[in-house]
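Engineer: Protein sequences appear in the order of chains A and B. Sequence positions in the first sequence follow the working numbering and run 23 to 788. Sequence positions in the second sequence follow the working numbering and run 5 to 213.
Source of the hints: derived by calculation from the structure; they are not laboratory data. Treat each hint with caution, since some may be false.
Computed list of lysine to any residue pairs in SDA-like fashion (alpha-carbon distance at most 25 Å, straight line) [what the hints assert, rightly or not]: (1) A:Lys-714 to B:Lys-165; (2) B:Lys-137 to B:Asn-172; (3) A:Lys-714 to B:Lys-103; (4) B:Lys-184 to B:Asn-172.
Below, a sample of chain A positions facing chain B; criterion: calculated Cβ distance under 10 Å [unchecked claim]: (5) Arg-260; (6) Asn-634; (7) Leu-683; (8) Ala-684; (9) Arg-686; (10) Gly-687; (11) Ser-713; (12) Arg-716; (13) Leu-720; (14) His-725; (15) Arg-727; (16) Leu-728; (17) Ala-758; (18) Trp-760.
Just so it is clear, CB atoms sit at the ideal spot from N, CA and C, and this is done for glycine as well.
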Amino acid sequence: MWRGLIGDIRTPGSSESRLFAVAIRFGLLAKLSTISLCTVLGVVAATGTAQVAVGLIGTSLVAWYLLRLRGLPDSTALLGDMLMAALAGASQAWLGPPSAVSWGLRTAFLCAVIAHYDWPRRARSAWAVSLSAIGGFAAGALVQTPTPEAVRLTVLLVIQTTLARVVFIVLRATARAVDQAHERVAEQQRQAAVVTARRLAERESLATLHDTACTTLMMVSTGAAESDSSWLPARARRDLEALQQRTEVTGVVDLADLLHEAEFDHRVRLDIDVSGPLPTSARAASAILYGLREAVVNVAQHAGTDVAVLRAGRDDDTVWVELVDQGRGFDPSDLPARHRGIADSIQGRCAMAGATAAVSSAPGTGTTIRWEVTAAGSPAAPPPPSNLARFIQQRMFDGYRAGLLCVVLVELTIACVTGMIGAGSRDILAWALFAVVGAGLSALTLLRRPIAGPLRWIGLAVVAACSVILTPAMPVDPPALGSHWCLGLIGWYVLVLLLDLRLPIIGAVLAAHAAWLFGLIASSGGGVQDLAAVALVAVGVTGFQFAVAAALVLIRQSANEAAEVAERDEAMRRQAAVAAHTHADHTRRYAELSREAVPLLTGLADGTLDPNDEQTRTRCAIEAARMRVLFAERDAADDTLIHELRAAIDVAERRGVTVHLAVRGKPLGMPRDVRRALLQAVLNGVLTARSKARITVLRTESHVRLSSYCDDAVDTGIPQPSHPDVDVSTDSEGGALWVQATWPRTAPRPPAASSAEAPPRTLLSQ
Amino acid sequence: MIDDHPAVAAGIQAWYAASDPPIRVVASGATAQTAWLPPGRDADVVVLDLLLAPDHPECFGDLRRLADAGRRVIVYTMREDEQVALTCLELGAFTFLTKAEGQQHLVDATIAAAHDRPYIAPALAGAFAADTKSHRPQLSAREQEVLIEWFQCESKQLVAKRIGITTNTVGTYLDRVRLKYANVGRPAPTKAALVVRAIQDGIITLEEL
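If we strip away everything but chain B, and leave its shape as in the complex, we get (with noise of 0.2 Å):
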């Protein structure tokens, strides 16, 4: 775990230890090194806290190294912007995180990324939903609309009742979405894992990719 603030630290370690399955923080640190040096060496998830303040220009380089090195790198930060979220995509993290979003999310996304499998918060829907890149992939209309509503609602529930599906399927749309990411751009072996994991559990075929 990766956050210069202790309190944010202590309180994530909390949660951690709340959790069902319980999550345990093998090493905590305020830079990089903690995930490359013993205990965090062996850790199975990083959670990286992104600080893009002048005084912490190495913020992008330290994810992008950890996503090359295989890590399953979780962004946990304070920034909003969608620029941010999709370039942490782009360098490899397994997924993206607001502080805001709180408790539930950083636990269900820490063992969605220990298993290789997709996870997708609002806040990171936002950021695909408003992607206007040229390489974005191509969604379809239905993965557009799950996109908007779950950034939009935050719950699973009301989203899956307003466009008519379950909740389960909501899901699914939202995998497919970070699946289609996984596979455009810059190679990494975290996209790698992601995809492979996604067709043993049969979410997409080799042919749909």
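Chain A with its partners taken away, still in its complex shape (with noise of 0.2 Å):
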């Protein structure tokens, strides 16, 4: 509170932003408006050197909040402002005795209260500005006479400028309050977009993977360039390029031509027919035709022919594309989850990239596959609305209620002190009933209830009623009436239940709260002169309830525009994270391919590496199967570290080689970095067998230790992976390779010879 009160430096966020530009601006329009206003009435309330000094001085005052208007550097605008605050309460001294009424009084409040939403970021400013028109007040009342009203109104001011400090604290801590509450939402939903765009492009590139260097290596590695490797190299290429490319595509593209221009498996003869253009967004694009290529090549390795047709077209909104083969065909519920050339490369990619693919086979009839897309430039779904819009509105409006709701606890407070003291019955009877009211207004607040429907109409029939038991008991001197302790009061009462209606009611309610002001003096016979009076008051009192009411709807209509800045902030700081990690990704994901696949395709591409060479071979069967078990990691399976091993093992058993798998003991946890190790090391021992290799997996309490032991290896001179808590280590003797990989690593074993345990005694008799 105290911080709020001499004010601090933060980056205000774009609630409280707004908050402040519109606080500004009502401060000076507020002031413009009512000061001129009661310049004009003060001139006419006025006779002989007070007419003058109000004239003189409303009319600098007038002139010099125009200029303010137009922009003034800070330092001029607070000198500024102080010395017309300090002159507009000193007028005092020109103007007759200090009352209610009294023009110099008006001014020197309005000066006082709006400073503090004049300098909403320098709470020193604002006060320097209050204390001004206060301290001129009380020297020009001083010097003109010094009466009790003089240090009653006094101190007034100064409860009242301390007030309105106070509701502008509040209504800053409910801007704040809101923004950090935002704050929050986003950096939950910018985690959560982190997350998603990292594993959708984790999962793209993983399909990329699948369907380039994957699929070339495990090629090599079966000897499918054994007679023909002419197509090699420039597949080798491209699946480079595709690994190098960011998966990030963006943009509207012709369909047609990628698929006229595009390269498929060279052991399928296409048919295409294709009638372009095609527009369809480069992403959804790019998600076809790899798909497209996987499906060419699964139609040369499965379908039993060497002919498809490929083709596409556009039917209004969508775009389609089809694969059809008259071939084997196959039943699309019985695939092993280990061929997942369908599951990911072809469906689990499109869906990504908004687009659909169908596959429709049975045994003996062929296959086709169909992809949909709705083509580029249709019209999309409108955006949802936002909610953030709504969220901003009601916080900030449960600030506003409180806010006023101070004003009227403390007006009431002040009548009581000030009002009731040898009042009359019907004085403190209306006092009564607003005090319930005020309970009541209290209470709704507390239980954050909203004041609406007829509880709001009965408060303001409550606060009439109050009037109409007032009325004749009122003062009929303007003085008199102008200090009455109800005058402020029901205006504020008013602002508080009518606070969500439109302007113009709340205008209405305020304006027949000053008519029956009007009325009061004009029954009783008043001149010119005290209806001016009187209207000074109104225009001093209810006039500013009206401006702070028009700030109010201001905000409150102001909070679509703070919610569309937080948004676009929002959305800035969303795409700049999800890029650094996507970016991070990716640059991690190449340096593990450095290490094996891109030195394998760049060897293959530029022929310095013999696909026939045993050796190549098998180093392209050790990095197909690295990435199998890639793939594996997705699939929910009851043992991971199992299930992903076999997808190692597919890759030897599909090179002719017979490998014993035996497990013992129960699945356990590990962290993934850790299986990946584990299976690495294995896979590089089981990977160079040349007919049979046996794989073991021990799961004990506190270890897994993986081993894999074959009596003809091939040398392939890959290093074992390292990890701290890996334990790997390799024994060879004549062909046979025994690699074991234990986690976590055992205590070094002591030798022989020291261990502490006797060798059994038939060792010692033989």
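Taking the hints as your guide, dock the two standalone chains into a single complex.
Structural biologist: Take a look at the structure:
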């Protein structure tokens, strides 16, 4: 609170900025309109020197604030504001005995109170202006006639100024709370966006890996280049390009062009029937194209035919592509999880890019795969309406109400202290009714319940009834009327009760209140000067209240704008966060590939590696198996380790190696990098086997051990993975290769000679 | 020899015929009756194919009855999991082999069984190594290590080289593990015979048990 009273320095959020901007605008416009009106009325109400003084000082004040509207440097503005505020207060020196209807008091009040909204960022400046006004008035009143009334009015000014400050702090705290709440939500959304984007990029890159490097390396490892390897360099180059590319595609492309230009598996003769243009998002186009390539490879490998038809076209807003073969066909529901070509490349990736892919096939009837995507440029669904604006509006509204209620309660207290001494029964009854309504409103606010429906109108009726009760007891002398306790209070009640209604309604009710005051003077035969004096009070008090209402409505309406700004900022931050993460991921993934896949593909592309060399083929098999383990990581399997191990064993078996897998013990949870290291170690072993291999998995409570043993290994020279918690050891004898990977590391084995445990007796007896 | 698959039976018969010393198959059949009726009643060793399928619920019962009658039973099965292996040994099976382990292990195990000597093939070593039962015998660190290495490698030379002991010592450690298992849980004549023979051979002393 004290920090708030003096002011502090921090970067305001979007709601807080909006509040400040509106406060400044409200401050200047409210001062200009109320002071100019008051001046006119003040001139009418005054005579002689007073008239001249009001006219001169009033005109200079209006001129100054007009100048301020055009913008001035802060230091000049502050100095001028202080001077003008002091002058407004000091005008009391020429205006006769201080009273509630004095122009000097009214303008000093406006300057002192509004300063806190005029200078929202600088509490010290606000206080400087307020105190200048109050000081000016006190000095003016002292010079004029130091009466108890002058002291009372000065004290009131101080209280009202402090109240204005408190209300400002409540508003600002609300705005900050809104900003913080929004920031928290945004932070969560940002994290979610990053997670989603990373997962999408990961999937996409794995799908790319599957279609490009993994397939090529698999082909080389199983001897697909034995008879003819002329296709290999181009394919390896294309794979390298695909791996280097960031998986981030934007913009619109013509899918028809791409289909004509694309290279497909050389083993299939494609009959292409494509009529363009087929505008699609580049993301969808690339997803379809990758899937299509994979599908053609599938035709070559599994369909038992070397002919397929590729058709593409457009129906209304839908672009479609079809690949039809008359081959063997298969039952799509009967595909092993390891054969993930269809699952990932064709359907999964399309889903990511907003396209669909449907596979229809049955044994003996051939296979049709159909892709569909909304054509680019077609009307997209409108974005969902933001609920941020509503959220800001609601929270800010609660804040305004709390602020206004503060005013009501303080005014009620002041009324009790100053108005109830020696008051008549009507006054006491009315005050009691006000107090009841005030208590009710406070309760509703504390309970965070809305003030709406019948409650609102009951409250208003009670306030109106108070006016009626008070009417016979109201003084008809303008200074006494102007300082009557109910004068400001009624207006504040109206504001609290009607705050969420439209401005004209609030204005009409406030006007009715002012009319009631006029009616009191007019019915008792007051002259023009009396009427002008009352009007001065009406403008200074009720008019000011109307300005407050207008400002609050303005802030409420600007919630949309605040929300928009907040969302735009947030979108940029989100984009930056996503970009940073996906870029880092891409770099990390590429670094992993650079160890083995990239050198292999580069060698195959430029011919420095012979695809029919046993060692090269073994290295290709190991890298393909490593990738298959990565693909298998995304499956939901009961026993992840064994599931991923089988993906690698599958590669060995495709190379004609008989693998015996023995598993002992129950599944044990372990970090992914540990699992990767364990698997990499054994697949570096098992894939070197020429004819058969034995893989064992032994899981005890304390350790997980993977081992591969084969007695006819190819020497690949591939280093074993190093992981701080995984112990990898390799033993070889003759052609046999035994790889053991243990997690966590075991203590180093003591040398046999110094072993604490005595060898069996039989050893000694032998 | 009890196996309901004639091809398997024929294959085993061929392996036995070629072994040194040769092993004679006195009777062969699909059910346990083969081992109870002559000429199978007089066989030194029973090779039992453990079929734990719903249509063969009696397998463990057959094994227990044969073991209780003092017959040396080698369980020879497709089953890989360690619980089955440990249960078979608990019931008194002489040893446990998986069909994937093949010719040499079966021949060696049969000869060992005929002489009441322990035999642990890698699959059984793995089951011992992964055993977490509360009544598991207390194994020394070295015994546990040999079990693990033997399960993983199936080359006694490499295991011996890796641990830094001789191939014979590897065998001795394995035998001792087998004897410790024979000495816990449910008593059976076959287990007693194993222990008696081991003490005679000097593999283990009475105090050690």
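Engineer: Hint compliance check: list the failing hint numbers for this structure, sorted ascending.
Structural biologist: Result: hints 2, 5, 6 and 11 break, sorted rising.
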